[in-house]
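Taken in order, these protein sequences are the chains called A and B. First residue of the first sequence: 1, per my numbering; consecutive thereafter. First residue of the second sequence: 396, per my numbering; consecutive thereafter.
Just so you know, not all the hints are guaranteed correct.
Quick partial rundown of chain B residues pointing at chain A, CB under 7 Å, derived from the structure [claimed, not checked]:
#, residue
1, F414
2, H442
3, T479
4, F484
5, A486
6, R504
7, S527
Not the full set, but computed from the structure, chain A residues with beta-carbon under 8 Å of chain B [as the list claims (entries may be wrong)]:
#, residue
8, G29
9, A125
10, R138
11, E141
12, Q144
13, R158
14, I206
15, E208
Think of the hints as simulated: they come from the structure by calculation, not from any bench. Even for Gly, the Cβ is constructed at its ideal location relative to N, Cα and C.
Listed below, chain by chain, are the residues.
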Amino acid sequence: MSRRELAVGSATTIAVTGIGMTEMSRRSGRSVQAQACEAARAACADAGVSPGEVDSVIPLGGYLTTEDLIAGIGLPDSVYDATPGPGGNAPVASVRLAEVMIAGGAARHVLAVVAKNGASEARIAERVTALPGQEFRRQLERPQGWTSPAEWYAMLCRRHMTEHGTTKDHLAAVALAAYDFAQSNPRAMMYGRPLTRAMYDASPMIAEPYQLYDCCQETDGAVAVLLSAADAVTRPERAVPVLGAATARPQSPDDLSARENWDLIGLHTAAPIAFERAGVGPEDMSAAMVYDCFTFELIHQLEAAGFCPPNEGGPFVASGAIARGGSLPVNTHGGLLAEGHMSGMGHLVEAVRQLRGEAGDNQLESPHHIAVTGWGDWGDGSLVVLGGVGEGRAA
Amino acid sequence: MSTSSQVPATIGASQERTFDPAHPDFAPYWAGCVEERLLVPVCEDGHAFWPPRPTCSRCYRPTARWVETRGRGSLYSWTVVHRTRNREFAAAVPYVVGMITLADLPGIRMVGHVEADRSLLVEGLELDVVFSETRHGVRLPRWRPRSAPWRGERAHA
Numbered sequence: 001m002s003r004r005e006l007a008v009g010s011a012t013t014i015a016v017t018g019i020g021m022t023e024m025s026r027r028s029g030r031s032v033q034a035q036a037c038e039a040a041r042a043a044c045a046d047a048g049v050s051p052g053e054v055d056s057v058i059p060l061g062g063y064l065t066t067e068d069l070i071a072g073i074g075l076p077d078s079v080y081d082a083t084p085g086p087g088g089n090a091p092v093a094s095v096r097l098a099e100v101m102i103a104g105g106a107a108r109h110v111l112a113v114v115a116k117n118g119a120s121e122a123r124i125a126e127r128v129t130a131l132p133g134q135e136f137r138r139q140l141e142r143p144q145g146w147t148s149p150a151e152w153y154a155m156l157c158r159r160h161m162t163e164h165g166t167t168k169d170h171l172a173a174v175a176l177a178a179y180d181f182a183q184s185n186p187r188a189m190m191y192g193r194p195l196t197r198a199m200y201d202a203s204p205m206i207a208e209p210y211q212l213y214d215c216c217q218e219t220d221g222a223v224a225v226l227l228s229a230a231d232a233v234t235r236p237e238r239a240v241p242v243l244g245a246a247t248a249r250p251q252s253p254d255d256l257s258a259r260e261n262w263d264l265i266g267l268h269t270a271a272p273i274a275f276e277r278a279g280v281g282p283e284d285m286s287a288a289m290v291y292d293c294f295t296f297e298l299i300h301q302l303e304a305a306g307f308c309p310p311n312e313g314g315p316f317v318a319s320g321a322i323a324r325g326g327s328l329p330v331n332t333h334g335g336l337l338a339e340g341h342m343s344g345m346g347h348l349v350e351a352v353r354q355l356r357g358e359a360g361d362n363q364l365e366s367p368h369h370i371a372v373t374g375w376g377d378w379g380d381g382s383l384v385v386l387g388g389v390g391e392g393r394a395a
Numbered sequence: 396m397s398t399s400s401q402v403p404a405t406i407g408a409s410q411e412r413t414f415d416p417a418h419p420d421f422a423p424y425w426a427g428c429v430e431e432r433l434l435v436p437v438c439e440d441g442h443a444f445w446p447p448r449p450t451c452s453r454c455y456r457p458t459a460r461w462v463e464t465r466g467r468g469s470l471y472s473w474t475v476v477h478r479t480r481n482r483e484f485a486a487a488v489p490y491v492v493g494m495i496t497l498a499d500l501p502g503i504r505m506v507g508h509v510e511a512d513r514s515l516l517v518e519g520l521e522l523d524v525v526f527s528e529t530r531h532g533v534r535l536p537r538w539r540p541r542s543a544p545w546r547g548e549r550a551h552a
């Protein structure tokens, strides 16, 4: 348990009560606001809560404002808004933020919404210019030809290969598992587009060791979740309790050159805190939804969260553990690699679907606990442990 | 600051330029590049650190001066970039970017464009800084394998 954090959020003060999701596409032909309103309204309806009852809102994705949601779906004028740090860690970190707001008495229903035209308008290369540490990017990295997330994280992957023996076979196992799950998820952008090892090997090189299929989708769409105080749940048969949540940054959080140990990321700090709050450990999870912007980053986080021993993430994924029928199915929706990139909010939604028994052809048999990780920026990390419907207590 | 050279006034003319040699936290670095010297900030407590920040990343005391590194290092990690949206490098693909550990300033690593054939890439490859390229009127540090020939540029060895 972190010495500096308040002891807020032990099991169970809040629950995910509603989820909403638009189509994932490359060219939505719709505004960010239109998609956000659709997903947000769906999340409220799913929870049986009217938008006028939402006390707090967390608008995410970089192009969505609180005003869009007040004007668009009728959030109250008095709605309180806040956002966690930028980047892909924000959606899972927003669960922790909601927990703090609810535990502090500032809110009973918190709406978190990711919305973006991430394929047809502001693509990843543009959005990362809003991340911390821009002066290092501008002054020291772009002039050397080091520009995009694929190029940054390729360097982390290469170091892990050098130091711990991770191989392209391991990276391929991650991509193949994701595409396999996507073949039975009709919402996935890669639904109907199965991946073979031969296709993986033949795909264009992007930034060695990363080829095309090591890289995630870029996506237009919106995803929303409603998080509610345990005593404000109106449809308990659908409420998925948040058992523990935490978020942390790595040492040298906005720059890789000064990071002493590249193995260590924010998730190394966050995961033990979240598991301790939940009163369970990584070995108790029925599945995990792991932020998979690139194949190695999934391996990296499996190690950081304690799903496998340190430095053994490669052999772990190659064993089939994360694939369909494995001991720890990971990203049963296809993840960022094959379902679509909603900055990780899709991972949270998939965990809720699984725990409600609504995951369609990819439904796991009686899952009881699922961990969801976030990754962003240069290694910010978060982890949320969700429990089974009806688990936990009213506050 | 250990150099008095001014950065040429011509820079800033291009919208392509991403760097800003006038930025107060980086100006001594860029002024050093004009003289083909690779400069690193040192705090009031004598710690050399990287990247440049207003305060030391180890003890948080302010930057007090800048020291020249000999610019010898070894390859810690790397990538070979095949596709990039960085227009300055679009014609250069495939090219190598490395993370380079400095030999004379322990604990400091720098990101550098590595002018080396990819067949040479291996952890620990010894590299030297060269100021082989001029962009927007500024000499930029690049890195070459120590044993490799170089063409007419001054290496800091």
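A quick look at each hint next to the structure:
{"no.": "1", "hint": "F414", "in the structure": "holds, 5 Å"}
{"no.": "2", "hint": "H442", "in the structure": "violated, 12 Å"}
{"no.": "3", "hint": "T479", "in the structure": "holds, 6 Å"}
{"no.": "4", "hint": "F484", "in the structure": "holds, 4 Å"}
{"no.": "5", "hint": "A486", "in the structure": "violated, 11 Å"}
{"no.": "6", "hint": "R504", "in the structure": "holds, 5 Å"}
{"no.": "7", "hint": "S527", "in the structure": "violated, 12 Å"}
{"no.": "8", "hint": "G29", "in the structure": "violated, 24 Å"}
{"no.": "9", "hint": "A125", "in the structure": "holds, 5 Å"}
{"no.": "10", "hint": "R138", "in the structure": "holds, 5 Å"}
{"no.": "11", "hint": "E141", "in the structure": "holds, 5 Å"}
{"no.": "12", "hint": "Q144", "in the structure": "holds, 4 Å"}
{"no.": "13", "hint": "R158", "in the structure": "holds, 5 Å"}
{"no.": "14", "hint": "I206", "in the structure": "holds, 5 Å"}
{"no.": "15", "hint": "E208", "in the structure": "holds, 4 Å"}
Going down the numbered hints, you'll see the structure goes against 2, 5, 7, 8, while the others check out.
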